[in-house]
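*Asks:* So for the sequence shown, the UniProt record's numbering puts the first residue at 1; every next one is plus one.
Treat the hints with caution; some may be incorrect.
[Said to hold, decoys possible] Here are the simulated SDA-like cross-link-like pairs (lysine to any residue), alpha carbons at most 25 Å apart as the crow flies: (1) LYS83 with ASP97; (2) LYS14 with LYS108; (3) LYS14 with GLN68; (4) LYS108 with LEU5; (5) LYS50 with GLN68; (6) LYS23 with LYS108; (7) LYS30 with ILE77.
[Stated by the list, open to error] Simulated DEER-style distance windows between Cβ atoms: (8) ASN28 with GLU86: 15 to 23 Å; (9) LYS114 with LYS50: 19 to 27 Å; (10) ARG48 with LYS83: 30 to 38 Å; (11) SER91 with MET22: 29 to 37 Å; (12) ARG110 with GLU20: 29 to 37 Å.
Calculated from the structure, these hints are not laboratory results.
For glycine and all other residues, C-beta sits at the position ideal for the given N, C-alpha and C.
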Amino acid sequence: MNVELTRFRVNEGKSEIVDEWMKFLNDNMKDGLITLEGERMYVETIFREKLDGNEYLYWYSVQGEGGQNVEESNHWIDKKHLKYWEECIDSSFRPVDLNTEVVMIPEKVRDIMKP
1 MNVELTRFRV NEGKSEIVDE WMKFLNDNMK DGLITLEGER MYVETIFREK
51 LDGNEYLYWY SVQGEGGQNV EESNHWIDKK HLKYWEECID SSFRPVDLNT
101 EVVMIPEKVR DIMKP
């Protein structure tokens, strides 16, 4: 099981498009949740922060081994999600993976996450 928190910088001037992107994901949650199964994604949460004049998105995820990469998906919601990603995420900024220090998941929840 992989537990990750990664920071990505938003391209300057794309804050309104990020608003649209997050609204799209929230408005289409039912379809989005369907795609998580193929990715073996148990939890995916997006956080947003403005810091020192820059905007960042943070992805927190709990994912099982051997899941499909979102880039391999043919689902319409993943394709649109990746278009937003390409427009909004600064590819010149190296993503920052925060260090995992402690993972607390009760055993009964872990059991559900096993393949």
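*Asks:* Which hint numbers does the structure go against, in order from smallest to largest?
*Replies:* 2, 3, 5, 6, 9, 10 and 11
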